[in-house]
Amino acid sequence: MKKTILTILIIGMFVPIFGSNQERDLQAAFLGKFAKFIKWPDESKEKFIITLIDENPFENLLDDLYKDKMIHGKPIELRYVTKIEDIKNTDILFITIDNQAEVQKIIEYAQKNSILTISEKRGFAQRGGIIQLNFVMQKTHLVINYKSSIESQIKISSPLLAIAQDVIKEDK
Amino acid sequence: MHNYSIRIKLILLLSLSSIVALLIATISNLTYYYYDDKDRVINASINLAEVSGKNIAASLMFHDRDSINTILKPILENTNVKYIKIYNNNGEYFTSIGENNNVKEDKLSSYEDIKVSVSFDYINILTSITYSNERIGFLKMMLSTDDVKASMLEQIQVSFLIMFATIIIILILAFWLEKIFTNPIFELLKAMNELKKSGEFNVNLVPYSKDEFRELFLEFNNMANEISKRDKILKDNNLSLEQLVKTTQNDLEKVSILASTDVLTNLKNRRYTMDMFEKMIQKARITESYLGIIMLDIDHFKSVNDTLGHHAGDIVIKEIAAILESNARENDVVGRIGGEEFLILCTNSDMDTTFNVAERVRKKIENKVISYEDNKTVQVTISLGVYSSIPKLNKEELMKVSDEALYRAKKSGRNRVEKGIIK
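Protein chains in written order, with our numbering: chain A, 25 to 196; chain B, -16 to 406.
Worth flagging that the hints you see were computed from the coordinates, not collected in a lab.
Quick caveat: nothing in here was measured; it's all calculated off a predicted structure.
Wrong hints could be hidden among the right ones.
Derived SDA-like pairs (lysine to any residue); straight-line CA-CA distance at most 25 angstroms [claimed, not checked]:
no., chain 1, residue 1, chain 2, residue 2
1, B, K378, B, S272
2, A, K93, B, N72
3, A, K60, B, Y94
This is chain A alone, in the form it adopts within the complex (with noise of 0.2 angstroms):
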């Protein structure tokens, strides 16, 4: 009986570790995916910019993705950066910050610049983040702030606004 329940234990707390690592690896293919489902307001930048503020759950996932990698016709520019100030032209920002007040400052500036803004926090897309991505059951959940890019001059073409399984397109 206690081998058993060892066992279980052990199970059960190697299922979300691996649930966790297959989840990243999705998240860090979903970022280019996403692009391809969007339209900026500026065309003309030389390179198409992806950017992580603060931690970077992903380690070297994403040079392995990206590296030499085109997006939009442009060569693909990973930054990792800690302050707002960094986040200059950036095209899609994956934020992983806990605090709500930084996130919000950071939702609000990339606004004003036409930036794509991700996370996977909770009530990420209710205050203002555009794409909300979670895992769900190992099923992609997404909720789109629809409101929230159309104040960014973001335009998110339909077939993405679809498969969301929620669409903010007022203030709630």
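Position chain B relative to chain A; hints supplied.
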């Protein structure tokens, strides 16, 4: 086929031609319809697959099976769609909807953008899923051909129904149209039969069309009229011929009479009398009856001619001939066989009867005063030799017996009758 009437042949010809044409048209139409319908269904299926692929592009990109199922589910409302399988860009199975029995997780073996395979029951379509000109996966769709088959079956049923109705109309038309051809022919036949029965060639068929039958009718009328004219000529000629035959017969009779008659006396001449003599001998032999022979000669006729002239001689001969003719019986033959010699052949007359006839004639002539000129007369006598028998002798022998009796009458003083004797 040769035994059928022209009416049946025409109906068969018209019906078969039309039915064959109809069959060819129907089969061609069905074949065209089948291929057209198949192409339409395949193109529609390809479009459906491509549109479905576009609709699920985002879902596939973000590995969202639920969205894919949600987006594709309405497609399954089309009962022809059996299942849809989605593969990622590496050809690995991602998800599927539809009939579970047919859905197996597998890996694509080929990476063609569009691949269509059609069997009798199913249409399989493989198309790539792209987004922004970039291939992100594959969609495999299997559709049932039930609708195509049902549509085809319906089309066949309708076609055969129309064909059946058309065949009925064709048959009715064939029965009607054949009359256009056969009525003039039967009209001609009827006219020919009437012509044959009546023998009257003055027919006038009225053509009721302007086609070749009109020419045929007119030619038939011309031919009949021509025959009528020739018939008239022939009849006229026949009448002439009959007249000619009749005239010729009369002439022949006349010639025959002339040939058998003595011109001066109108009695039978020698040749005819001798022919009759032969025949009467034969008849008497057969019937075993008597044949009487009276041979006579005018006494001293030469002196009549010499003293009174040939004219008076001829009158004497005529008068004697008339007496002989009037005193002979109906079936007796009276002939002049020489200048002043006569022969009377008496049927069924024995010696006594023959003798009596001869005697009666002799007396009549003896008493006859013959006027040969005004106020000038002459009387003559005759000598006669008679003989009668059921003939056993021939003509010449009988003539000889009679002639010898005549000779004895002359010798015995003339104006008398002597019976012939067989020595």
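Is the hinted pair K60 of chain A and Y94 of chain B satisfied, with a Cα-Cα distance of at most 25 angstroms? Holds, at about 23 angstroms.
Satisfaction of hint between N72 of chain B and K93 of chain A, Cα-Cα up to 25 angstroms: Roughly 17 angstroms separates the two Cα atoms, so the pair holds.
Hey, K378 of chain B versus S272 of chain B, does the alpha-carbon distance stay inside 25 angstroms? Roughly 16 angstroms between the alpha carbons, so the hint for K378 of chain B and S272 of chain B holds.
Checked against the numbered hints above, the structure breaks none of them.
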